[in-house]
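Top line first, the protein sequences correspond to chains A, B and C. Heads up: the first sequence begins at 21 in our numbering, then just goes up one per residue. Heads up: the second sequence begins at 11 in our numbering, then just goes up one per residue. Heads up: the third sequence begins at 1264 in our numbering, then just goes up one per residue.
To be clear, the hints were calculated from the coordinates, so they are not data collected in a lab. Some clues are possibly wrong.
[Claimed, not checked] Using 30 Å as the maximum straight-line C-alpha spacing, the simulated DSSO-like pairs for lysine-lysine come out as follows: (1) B:Lys245 <-> C:Lys1490; (2) C:Lys1432 <-> B:Lys155; (3) C:Lys1562 <-> C:Lys1412; (4) B:Lys160 <-> C:Lys1354; (5) B:Lys245 <-> C:Lys1459; (6) B:Lys245 <-> C:Lys1359; (7) C:Lys1607 <-> C:Lys1490; (8) C:Lys1432 <-> C:Lys1391; (9) B:Lys155 <-> C:Lys1391; (10) C:Lys1412 <-> C:Lys1467; (11) B:Lys245 <-> B:Lys160; (12) B:Lys155 <-> C:Lys1459; (13) A:Lys109 <-> B:Lys245; (14) B:Lys160 <-> C:Lys1412; (15) C:Lys1391 <-> B:Lys160; (16) C:Lys1466 <-> C:Lys1544; (17) C:Lys1585 <-> C:Lys1562; (18) C:Lys1391 <-> C:Lys1467; (19) C:Lys1359 <-> C:Lys1562; (20) C:Lys1562 <-> C:Lys1680; (21) C:Lys1436 <-> C:Lys1412; (22) C:Lys1544 <-> C:Lys1592; (23) C:Lys1354 <-> C:Lys1585; (24) C:Lys1699 <-> C:Lys1466; (25) C:Lys1544 <-> C:Lys1699; (26) C:Lys1432 <-> B:Lys160; (27) C:Lys1466 <-> C:Lys1353; (28) C:Lys1585 <-> C:Lys1607; (29) C:Lys1459 <-> C:Lys1680; (30) C:Lys1353 <-> C:Lys1607; (31) C:Lys1562 <-> C:Lys1467; (32) C:Lys1466 <-> C:Lys1515; (33) C:Lys1436 <-> C:Lys1467; (34) B:Lys155 <-> C:Lys1466.
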Amino acid sequence: MINFAQLLIDALLMGGLYALMSVGLSLGFGVMRIINFAHGEFVMLGAYGAFWGLTLWHIDPLIAMPLLIVLGFLAGWLLFRGVIEWALKAPQLNQILLTFGIALVLQHIAVVLWTGDVRSASPGYAVSTTIIGDLFIVHGRLIGFLVAGVLIAALMTWLRYSETGRALRAVAQNRDAAILMGIDPGRIYALSFATSTALGVASGAIVSFLINITPFMGFPILLKAVAIVILGGLGSVAGTVIGAFVLAIAETMVAYYVPDGAGWTEGVAFALIVAILLIRPRGIAGQSLAT
Amino acid sequence: MTRGSVAATCAGIAAGIVALAIPLLGMPLLADIDFRICALLMVAVSWNLMAGAGLVSLGHSAFWGLGAYVAILAANDFAVPFAASLLPAMLAGALLGAALALITGRMRGIYFAISTLAASEGLRVLATMLPDITGGGNGLYLDSKLFPGKTAIGLAAPCGAILAALIAWAISRSRYAFALRAMRNNELASQMLGVAPIRFRVGIMMIAGAIATLAGAINAWHGGYLDPGVGFDLKTTIDAQIAPILGGVYTLPGPIIGAIATIGFEELTRALFGGMVGISLLVFGIVLVVVVLCMPQGIFGLLRGLRLPWRPATPRAAR
Amino acid sequence: MTWAVRARNNKARETAMRSNLPRDTLISRRRLTTILGRATICLAVWLAISPTARADGEFRIGLPMELSGRFVAFGAQIKRGVETAVETWKKVRGDKVAGRDIVLIERDTQSNNTTTVSVMSQLINSDKADILIGPGGSDSGAAAVPPWKQAEDHPVWIVPGVSATVVEKQVGKDPYFFHTFPWTYHYHETIVAGLKQALGTGKKVAIVYSDGAYGRAHIDYARQYLKDGGYNIVDEELIRENAPDFLPSLLKVRSSHPDILYTLVQTSDAVLLAKEIYSAKLNIPYLIGTFQATLPEFKNALGEVQNCWTGVNTYVVGLHSKADATEAKLFPASDEWEAAWRAKYNKEPEYMEAGSYISAMLALLAVEQANATDRDHLSTALAAGVHDTVMGNSQFQPSAIALHQAFGTVVDFQLQKQGDTYASVIFYPPARANGKLQACPAQ
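With the rest of the complex left out, here is chain A (with noise of 0.2 Å):
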C-alpha cells in the first residue's frame, strides 16, 4: 500500500514533466496543423544547454532556464522563418519530411560538438530527497513539476488573457475567419512554433537533472509527446496536460504491478494511443477531425 501512494506520487511528478514537453508540441499543431518531428531535439538542446551551463561556468539549470528558454525562442524563430514557413503550404509529406531531416541534422551536430558519449547534470538536488513518513519526494523531480507548472499556467493565462494569445487561439480554430480579423496569419505561425521550441527547451533544461543527456535522446521523448498530444487532442493544452498525467500514471502502474512491466512501459504509450484512435480519435479534450 506504501509502495501504491510513493507511485502515485511518483508518476504525478513525472506527469508534470511529460505535460511541459509535449504542450509545445500540442500548440505548433493547434496552429499550424504540422507536428514538428524535431521538438525532441530542441529538449536535447535544452538540456545540453543547461548541463554545458552547469559543468563549465557553474549556473544552475533553474537559472539558466530563463536565457535558455530566450534563445530557444530565438532559435524557433529564425528555423521557421529560414525554413519552415516554405513547406507551410506543401503537401503534409513534404512537412514531416522536413521536420525529420533537421532533427537528424539537429542530432549529428550535438555529436560532432559534443560526441556521443552519456552526460548527467548533477546540481545538488538531483538526488537529495525529503522524507514524509514511509514516502520520500525527490527533490529534482519536486522542482522540475513546480516548474512546468509555472511555465504551463503561464502559457494557458497568456493564451487565454493576453492579445497574442487570443489571436493564436483565433488562428487555431479558424485561419481564414482570422485572416479576415486582420490577422496576420505568417507572425502567429512564426510565434506559435517559437513558443513550442522555447517549451521544448524548458523542458530539456530541467530534464538535464533527471535523465541522461545523449544526442540521440530525443526520439523517445518525441514518440511520447507525439502519444500525449494524441491522447489529449491535437491543439488542446489542457488536454495535453490531462494526457500527460494518464500517461504518466498508466506507466508507473504497469511499470509496478505487470510482471516484466518495466519493458513494457514503451509500448504503453502506443498501445494508448491505438485506443484513443479507434475509441474517441479527438482525444480527451480535442477538436473533431476533418475526414
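Guided by the hints, dock chains B and C onto chain A, whose structure is given.
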C-alpha cells in the same frame, strides 16, 4: 504511347536487366550496392503506393521488421529454405497491412501517420519483450546451414524489385489508380462518387505491405543477424520516405530513381566523410532538408519539367 | 481499351497536366540533368578507382567502426586507439612494418546493421584488408559476423569489444578470430568469486537487468554463477534501456530486502539507476555494477552518489603496471602510457582505447614476426605473441568456445572515497588487490 513513356519503358527494362546481371558478374562492391538499391526500391515503391492513396506511412519499418522476423523464424524453427520463407513473410505483411487499414478506418493524414508509427514501435517492443520467440535484445542469427549462397540472395533482390515495379505499373494502368488518386485528393468526395474507400484502402495496404515485408525478408537472409533495434530501425522508415520524395512522389519512376539516388548519395557521403565522426549522417540530413525545400517534385518531376499540381489532402481551415 | 484509345487518353492526360500553371522551378531542367550526369560520372569514377587491387608492399588494416549514429562513442575509441598505435609504431620502428606500408582503411558502419554488413563485405572483398579490427559495440559486432563467416577467405579478425556470447557461439572455433575483451561469463565468474571471498555465501541478492542486448546477454550467466556460488536470488527486475525512470522497479527491489544489488545495465542506465537508488535511500549494503564504473562520464555525473559502487574492468587507470620486457617502447608502463594519452587527447584513456591500441600493436608485431601478411602466417604469429600490456598479459588462450581469447580476466574494484576523490580500489583477484570491499554507509 508517347515518346516519353517509350523512353521510360526502355530505360526501365534496361535497368532491370542490369540489376539482374550485376550479382552474376562477381564484383562484390557493385553487387552489394545493387542489393541495397533493390531492397530500398521495394520499400520505396511500397511507400509510394500507400502515399498515392493519401496514406502517409511513418512506420514502414514495421513491415520490414516483420518480414525479417518471419523469414528468420521460419528458417530457424521450421527449417524452411530461402525461397519458401519469403511466402509467409509476404503473407504476414499483407495481413499487417489489412489490419492497419481496418484499425485506422477513416483516419487520414497525420493521424494515420501516427498510427503507423505506433505500429512499428509497438512491434519493436513486442520483439524485445518476447525473447523466447524472437531472441529479444540478444538477437537472432540465421541458421547458416540453410544459407543458399550469395548469388541466390543477390538475384532475389533484383527479382523482388522488378516484381514491385511491375505491380506498381500494373496498378497505375488500372482503374484502381484513379480510385486511389481520388481518395488521395478528397476521400469524402470520392466516396460520393461511388469509390468505397475501405475496400481500396485495405487492398492497397495489403499489396504495399506484402512488398515491404518481402524486402525485409530478403534483407534478413542477406544480413544473417536480426534484433529488434535492427529490424524496426527508424532509418528504414526515413529511407522509405526519402527515396520516393527524392525521386518524385506519386509517380511511377519516382521511387526507382529515388532509390538509386539515395543509395548513391549515401555511398558518396560515406566515401567522402566516412572517416570523420558524425559527419556522414549530418550531411544526409542536410540534403534531405534541401531536397524537400527546393525540389519537392523530386528528380523525376524536374526531368519532366513539370510541377505536379499540389492539392492539400484536407482543406486547411475547414473545421 | 485499344491501343489507339489509350494513346489518345495518355496524350490528353499529359496535355491536361501540362496546362496547369507550370511554376518556376528553382533549378532548370537542363542544369539538373547536367548536375545529375556529372554526379553519376563522379560516382562511377569513384567506384572504379576504389581500392580493389592490392599492392604487394602493403599491410592493410581494415577498421569497421561506428563513427556516427548511436554507438559513435565506441567507434571513436577504436579510431583513437588504432591510430595512436600506428603512430607509436612509426616513431619507434619507422614508417613500415616488415618492409610494408601500413594502410589504415577506416569505414563508418553508422551504428546501422545493414551498413555494417556492407562495410564488412567491402573491407573483405573489395578493400582486401589483411586484418580487421573492430567494431566496438555488441550490436555491430553481432551484425558483422555473418558477412565475415560467409566470405571464403575471410581475413584475421581482432575484436576489442563485444562481450555477447551469442557471437562466441557463432564464430565458434574459427582459427582466424581473436577476441581481446572478456565474454559475459568472465565478468560473473570474477565478480561472484570476489564476493565470495569478501562476504562469504548465503546472502540475499536482487538482480536488476536491462531488457536490451546488454542485460539479456548477462542475465543467464549471472543467475548461474550466483546460484553456484551459494547465493539466494530473492528478486529479479527487468528495466527498460534508456528509460527515464526506474523507481517502480526499485520499489519492488526494496520490498525484497536484499543484501546485495546486482546490476546488469550499461553505463548510461547505470548513471540514472545509481542516482535513483541514492534518492530512494534503499540502503542496500552492497551495490554491484557490471558497467564501466571508471568512465569519467559516470564519475562526473554522479559525484558523491558513486561511492561504494563496484565495477569490473579489463583496464583501470592507475593500475601501475610495468612495461613489457621485450617491447618497452610499444607497451610502456601504464603510468607512462596514460600520461602520454592525457597529453595528446586531454582526457583519461578508456578501456576500448586501450584494447584497440593493444590489438593494433599486437597485429603489427605479428606481421613483423611472420614477415608475411597472409592470414595463416598472421594468425599463427598473433597466437604465439605474448606481451605485458596495460590490460595485463596478452597471451591468447581458448575460452569456453573460442580458440583465441586474451584479456578474459577482469578485476573487481570498488569506488571508495579517499579525501576529495573516489579511487578505484581493487579487491579481487588477490594478486592485484590493493584494498577490501566495504559496505555502503547507511543513509
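Violating hint indices (sorted, rising): Violated hints: 1, 3, 4, 5, 6, 7, 10, 12, 18, 19, 22, 27, 33 and 34; rest satisfied.
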